[in-house]
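Chain A is fixed; fit chain C onto it per the hints.
Chains A and C, in that order, are what the protein sequence lines are.
Here the first sequence stands for residues 1 to 773, numbered as in full-length UniProt numbering.
Here the second sequence stands for residues 1 to 773, numbered as in full-length UniProt numbering.
Derived from the structure by calculation, the hints contain no laboratory data.
There may be inaccurate statements among the hints.
[To be verified] Derived DSS-like pairs (lysine-lysine); straight-line CA-CA distance at most 25 Å: (1) C:Lys243 - C:Lys264; (2) A:Lys309 - A:Lys250; (3) A:Lys327 - C:Lys327; (4) A:Lys313 - A:Lys249; (5) C:Lys299 - A:Lys672; (6) C:Lys672 - A:Lys449; (7) A:Lys502 - C:Lys327; (8) A:Lys327 - A:Lys309; (9) C:Lys313 - C:Lys243; (10) A:Lys672 - C:Lys243; (11) C:Lys251 - C:Lys327; (12) C:Lys313 - C:Lys672.
Protein chains: 2
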Amino acid sequence: MATLGDIGLAAAINILSALIFLLAFAILRLQPFNDRVYFPKWYLKGLRSSPTHRGAFVSKFVNLDFKAYLGFLNWMPDALRMPELELIDHAGLDSAVYLRIYLIGLKIFAPIAFITWAVLVPVNWTDDGLLQERNHNVTSSDIDKLSISNIAFGSQRLWSHIAVTYAITFWTCYILLKEYEKVASMRLQFLASERRRPDQFTVLTRNVPPDPDESVSELVEHFFLVNHPDHYLTHQVVYNANKLAKLVKKKKKMLNWLDYYQIKYSRNRSERPNMKTGFLGLWGNKVDAINHHTSEIEKLSEEIAAERKRIAKDPNSVMPAAFVSFKTRWGAAVCAQTQQTRNPTLWLTDWAPEPRDVYWPNLAIPYVQLTVRRLIIAVAFFFLTFFFMIPIAIVQSLASIEGIEKAAPWLKSVIEVPFIKSFIQGFLPSIALKLFLIFLPMVLMIMSKFEGFSSLSSLERRSASRYYLFILVNVFLGNIIAGAAFEQLNSFIHQSASDIPKTLGVAIPLKATFFITYIMVDGWAGIAGEILMLKPLIFYHLKNFLLVKTEKDREEAMNPGSLGFNTGEPRIQLYFLLGLVYAPVSPALLPFIIVFFALAYIVFRHQIINVYNQQYESGAAFWPNVHGRIVIALIISQVLLLGLLSTKHAAQSTPFLIVLVVVTIWFYRYCKGRFEPAFVRHPLQEAMMKDTLERATEPNFNLKGFLQNAYIHPVFKDGDDDEDDVVSEKWESESVLVPTKRQSRRNTPLPSRVSGASSPSLPETVNDHHPEP
Amino acid sequence: MATLGDIGLAAAINILSALIFLLAFAILRLQPFNDRVYFPKWYLKGLRSSPTHRGAFVSKFVNLDFKAYLGFLNWMPDALRMPELELIDHAGLDSAVYLRIYLIGLKIFAPIAFITWAVLVPVNWTDDGLLQERNHNVTSSDIDKLSISNIAFGSQRLWSHIAVTYAITFWTCYILLKEYEKVASMRLQFLASERRRPDQFTVLTRNVPPDPDESVSELVEHFFLVNHPDHYLTHQVVYNANKLAKLVKKKKKMLNWLDYYQIKYSRNRSERPNMKTGFLGLWGNKVDAINHHTSEIEKLSEEIAAERKRIAKDPNSVMPAAFVSFKTRWGAAVCAQTQQTRNPTLWLTDWAPEPRDVYWPNLAIPYVQLTVRRLIIAVAFFFLTFFFMIPIAIVQSLASIEGIEKAAPWLKSVIEVPFIKSFIQGFLPSIALKLFLIFLPMVLMIMSKFEGFSSLSSLERRSASRYYLFILVNVFLGNIIAGAAFEQLNSFIHQSASDIPKTLGVAIPLKATFFITYIMVDGWAGIAGEILMLKPLIFYHLKNFLLVKTEKDREEAMNPGSLGFNTGEPRIQLYFLLGLVYAPVSPALLPFIIVFFALAYIVFRHQIINVYNQQYESGAAFWPNVHGRIVIALIISQVLLLGLLSTKHAAQSTPFLIVLVVVTIWFYRYCKGRFEPAFVRHPLQEAMMKDTLERATEPNFNLKGFLQNAYIHPVFKDGDDDEDDVVSEKWESESVLVPTKRQSRRNTPLPSRVSGASSPSLPETVNDHHPEP
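In isolation and in its complexed conformation, chain A is listed as follows (with noise of 0.2 Å):
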């Protein structure tokens, strides 16, 4: 059992290296030299270029101007200041309204917070449970004496932890719906404000059946003309790039070699570089690197172009799938929302993803292979889950003071001491666990991509629900559990499965402070760390150092990452369980829970306006799942206490839980009926209303120009190394933002502007290398 003495040092050395972090942030972020690092979104936007070409040579590096390093913590107000429909503007919606998630923990623990201090410490705290049970043997620390373990059993005070029980219920429910009402809204605004996009026009068809007689791109063009007389406009089928898109890579890592060797040449004229031709360029002849590059290149390009021209005639090369366009947004959303054929695994259609956003590999599974994978993935990660709890309870019955005891009898003398026995205590354990935790995403990504999804919002969307899962049975319960099978060994290995709740009932106060240090070292450093983005900034330097020789590659060298919902979004809802599970049992924990909140909310929001670029726009499409698991966590909390206070000889009390499981399960059935058709379905009134306007604004208008080539493979764009350019200065000439080209260097946010309707939407580039069907 830790003491107030151990989570104070934790605290201690948490807060330390949080403002450790924040420090290095702020200095680091005023070096001219790490601007493409710590501002790269305005870079992307063509809002701001490099400081470097002006000014003294030393300014260029280091900032002189000191003023500047007194309000090291500016950047929070700065953070803070933009407008939230600005930054729906500038990053999105799916950034903004994952801001809102950090939002909503404010809003829910804030005033839960105030109710369990005011209420539940003082009965906590004036019952003497804790004192009976000293007599037993039981040990326990003074945090516990906050907590509901310190109620005696079948106290009449426990009516006072299902009243507040009822009140966070309710008071969660309320937030959540409010929240989930506002979000569907500005995602139907969102929509409704976008400009015409090709995604708005267009279904993903897949499944096509095989036809003796005609080809895809007939068959799929006679069954639309058909069965969509009066909407139908064109399509484009999709071909099987794998190849090509080897060739094109291949191409552009020896066009990267060639640059560097140019340089390399560049700088010593004396001698031209030379390369050797084997393995890894450790033996064979010695060739000149320059030429030898110049000529594979060569080769590379006629490859490229013979097997674009194969893919153009083989109809091998297509697969049974197609993106078809309509004339109207009300005919896509008339076929994205209907049944085509009788058997309803073929010309399955669905709304095309955003080009940018569509995962090509997995456009032709057909349906049986589908499911097959579904159980595949089902089961192994089912191991995963489950096998993945073994390392880790090892490690942490190692991490233990009594584990390393038993282990290494020899470090006794040495973990005896004060400092690192609490050092131990407060930190081992989180960080082992965040060593497991580091490799899973790639894992679980990798599963979701062998399930079949065809879109990277998707993926990324299933990715998370995995995530969430392991998170909840390996952090949350594999913690509470294997930790306490220590404590209760022996009760614990012949109990059957089911009484879990009781079980982890009971283990659950006594977890607190194991938790209250996790969150310290994930939540409270982890975030500030998050700001100070330490591997893109070693990476930038390196890349700028060794390859940078125009401003392009600078641009190219800048990686500004993006939110990682897959990753991100499990880790939030982990608080939040945490927040409600904790609340009616160990109050103490819910100032953690907040700080954390309020902390990541701001660096994150700074992070969204300044660094990150998203890959893509869902809309928030993913609400339904942050709703869902919130109230999954509402749900746990509820189950647990009724486990824990049953294990209190409060089985009376029962009743009245099991109705708050009931009411809350109703509560999600309600919401989901009522608010998720909003992030699934395309209502046809809206549709209608935005055809009938552009019908009326731009009668003219070339659909099929606009629509005829936005789905094409990115690999048959990406011949002309041009394209960046192209896009950069459609952003420029497009972008409704004023182009002040500022060289400030500060972040001070633009001039707000509420009304304006652009959003960050797809280069519509398109070169001439596409095949035509």
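Then chain C, alone, in the frame of chain A:
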């Protein structure tokens, strides 16, 4: 514990009563005066007219052709002879597919019975587990020697049970898959071959939002003209005609009384019948009954006319719902499958049910109320299900020998008589259970109506789901636990609710004899009683004696009844559940179940051909429910076997059974994705094909006229009494069946007409009393 002798006696009694029922049926059905009771379907189709018109007086009532009595089971081959396609023509797809449920029972259980008797019975019989247990004072009977109870703890023989469970699972899934395929294709073929029907073009729109400036009718018209401009044709608003319906009902009752008095007067011309005007005719002024009723009817007719006018004029009598019709099936399919507006709880669209299938009172319930109602009913159903168990448990504990002896010691000498003892053990528990179940379907139907479903078919499906849950908890689980409670009371009462699989698993073999007698009482004698139709027989003759004066009255006196999906299907499902649960445990049960399925198949086939008159045609929309419940039974059987085996110290078998459960769940999900859409959604290709065909064959059909009055509240149609005549006239003129007007007294079916495409269609009769919106 019932012995083999007890079961033999119960079997003898039940076979005897079944035979008596069948014999009585065979004799009664040959009597001409019962013709309308046993062959009403043919009268309704106009293919048979009363035999009482011709021949000698006696032969009008009694069949004197003694040869006819010889083959008293002749109806059985007759019932089996009609091919399925003709059956679909004759009775509709619902009935034909309903029969397939019994066939599936035979297909599943015949091979399973073979394999279990070939493998498990020898394995069980040759072990000696019961001998060992007998040393511990556990009693057992001969039947138990055939069951898994006879296997010793931890025996390797249990692997054979697991292997057989695998075989059972795969066989059952295979049959279910084939049947789902078959039924889905039957449904699609049925829908494709149907004649033009109003519901193919019509969508039911609910939750029309209130508008201060427009009436509901205008609002609906404008909305659909804007959002479905190319397809909208016409619409009908829904009137709140509850008061009118009451008046019409009252008038009908008056007319009946008038009839009665007129008959009374015509039989006895000397005296005009009198009546008292007060309560129930017991006091008040004496008046001439015929005159009184005539004037009352006139008054009512005026009131009805006034109410009709009021409804047509008063905007408050219009409910916020409408039947919207489209120019094409394609347009209706699109509207039914899409979301109309931003708010998914307004302008809810769904396919309109058949006009005769509409449940009018529920059309105006708003969305929020619907979800609240659902919550209320869910809670009410929970209490109904779980508190209903208490009386059953009490009755059954009383109805056992020990219970009676304890409750009424003075009866001891009587019930110790061997015959009476066997009777009590064989019969009383089942009968007690049956009595409880008689009033339940009515309660469940009221619950479903309260929940707000808008068609009779969905009401019946919902009630069936509830009834199934009820049977599962109370008949199946309730009997296993409550029954076992007498034997294991002490060990049972303090167990946690989560050990149920184990507890149930242990109890299952012990209850085999109880369920065998249950199957015989409910399944054998009950089904044989069904064909006798005692209640309709008595009511028909009572009415015939008291009221009938014309051929039309006689037709009205017929009460053919219908299949009653809401009670029938869950009862069949109980047999699936019992069969699957007991197949690996006590194979002795299976032959009884096979006899049930065979007998029920023949009886219901006969009833469907000759008696039942379905009230609606849903196109086998219930099949996903049927399929799902059989899969649930399969999963329950696997879980219970898991529990049983783990108490048999065969814990190493657990993973094998868990794999089976996972595979079964996956199978369910696969089938759901593959086939369920065929029962819910409406492929656009099919709609387009029919539209195109119809446009080519009948280019000038007046669709608007056809649809104009299709969805009018029945009370606006019932004004004229001659409707039935019109219906039957239409039947005769439209039916493609050869109108032979057969006088035969046996139900030789018509020559088979496989290719016919006519199906029971709704009467399009419309009279002039409907209000013009």
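Handout entry: Pair hint Lys672 of chain A and Lys243 of chain C, alpha-carbon separation not exceeding 25 Å
Key = 37 Å, violated
Problem - 25 Å Cα cutoff - pair Lys313 of chain A, Lys249 of chain A - result: Cα-Cα ~22 Å, so holds.
Exercise for the section: Could you grab the alpha-carbon distance between Lys299 of chain C and Lys672 of chain A and see if it respects the 25 Å cut-off? Expected result: Violated, at about 52 Å.
Problem - Restraint check for Lys327 of chain A with Lys327 of chain C, where alpha carbons must lie at most 25 Å apart - result: Satisfied, since the Cα-Cα distance of roughly 21 Å is no more than 25 Å.
Handout entry: Hinted pair Lys313 of chain C and Lys672 of chain C, Cα distance within 25 Å
Key = 47 Å, violated
Problem - Pair hint outcome, Lys502 of chain A versus Lys327 of chain C [Cα-Cα no greater than 25 Å] - result: Roughly 62 Å between the alpha carbons, so the hint for Lys502 of chain A and Lys327 of chain C is violated.
Exercise for the section: Below or equal to 25 Å on CA atoms is what counts here, so check Lys313 of chain C against Lys243 of chain C. Expected result: 15 Å, holds
Practice task
For the pair we were handed, Lys251 of chain C and Lys327 of chain C, check the Cα-Cα distance against 25 Å.
Solution key: 39 Å, violated
Handout entry: Given hint Lys449 of chain A paired with Lys672 of chain C - CA-CA distance at most 25 Å
Key = 23 Å, holds
Problem - Pairwise hint evaluation, Lys250 of chain A against Lys309 of chain A, where the allowed Cα distance is 25 Å at most - result: 18 Å, holds
Practice task
Would you mind confirming whether the straight-line C-alpha gap from Lys327 of chain A to Lys309 of chain A stays at or under 25 Å?
Solution key: 30 Å, violated
Problem - Hinted pair Lys243 of chain C and Lys264 of chain C, Cα distance within 25 Å - result: Judged against 25 Å, a Cα distance of about 32 Å means the pair is violated.
Violated hints, in rising order: 1, 5, 7, 8, 10, 11 and 12; the structure is consistent with all others.
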